[in-house]
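Student: Residues per chain, in single letters:
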Amino acid sequence: AQSVTQPDIHITVSEGASLELRCNYSYGATPYLFWYVQSPGQGLQLLLKYFSGDTLVQGIKGFEAEFKRSQSSFNLRKPSVHWSDAAEYFCAVGVYNTDKLIFGTGTRLQVFP
Amino acid sequence: EAQVTQNPRYLITVTGKKLTVTCSQNMNHEYMSWYRQDPGLGLRQIYYSMNVEVTDKGDVPEGYKVSRKEKRNFPLILESPSPNQTSLYFCASTRSSTGANTEAFFGQGTRLTVV
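Residue numbers (our numbering), protein chains in the order written: chain E, 1 to 113; chain X, 1001 to 1115.
Rather than coming from a laboratory, the hints here were simulated on the basis of the structure. Just to be clear, a hint being listed does not mean it is correct.
Computed, partial: chain E to chain X, Cβ under 7 Å [to be verified]:
(1) GLY43
(2) LEU44
(3) LEU46
(4) ASP99
(5) LYS100
(6) PHE103
(7) GLY104
(8) THR105
(9) GLY106
Keeping only pairs whose Cα atoms sit at most 25 Å apart, straight-line, the calculated DMTMM-like set for lysine to aspartate or glutamate is [what the hints assert, rightly or not]:
(10) E:LYS61 - X:GLU1103
(11) E:LYS49 - X:GLU1103
(12) E:LYS49 - X:ASP1059
(13) E:LYS68 - X:GLU1103
(14) E:LYS49 - X:GLU1030
(15) E:LYS49 - X:ASP1038
No experiment lies behind these values; they were computed from the predicted model shown. In this text, a Cβ means the ideal position worked out from N, Cα and C, and glycines have one as well.
Build out the structure end to end from the sequences listed, making use of the hints.
Tutor: Below you can see the structure in the form of structure tokens.
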């Protein structure tokens, strides 16, 4: 069955520190992968997506993610976190031939000054 | 501006009182869906629609109804709400259902409390 696992429920980092949020997926074919961010009281905004090609994808707000097929992972990274990055982050896999998204349970990021 | 608009943003209601949450998109998207977000569970799909008059169940459809009479609108109907439907609801739209999985646009969310 298709699924997405985000092992870290809550992560706290200091402003300026690097960040990596983990995402593992289970899918029978080449996945379509997404990272979304949800700021407090807001909807979901797409940070980046992977469909095919280069396994390192760049997104908005200085985020990047790397697709590793051998590890079934799609981890999100940022070299230097800003206080405004505090939010909840969701990894999702797109189900082929539909537009359905299967989401992970989310990782809440807290940033300390 | 491309957007998905949900109303209301916040709603408190009593058990059994029918309610409708509206969703409208201005991007001429074919595919629309409803998700609910619960702590520790992420977002789960309730219903989706691939085009006008074409709807189908998602993963958690019990207690919900939808309709798609116009391309731009996709209301979520709770005929007899119960406390376990207290949740944060999101409407989303995507350009097409070709499997290309282009970006999904989400509304701002509707926080529903059923007492």
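Student: When the hints from earlier in the document are held up against this structure, which numbers fail?
Tutor: none
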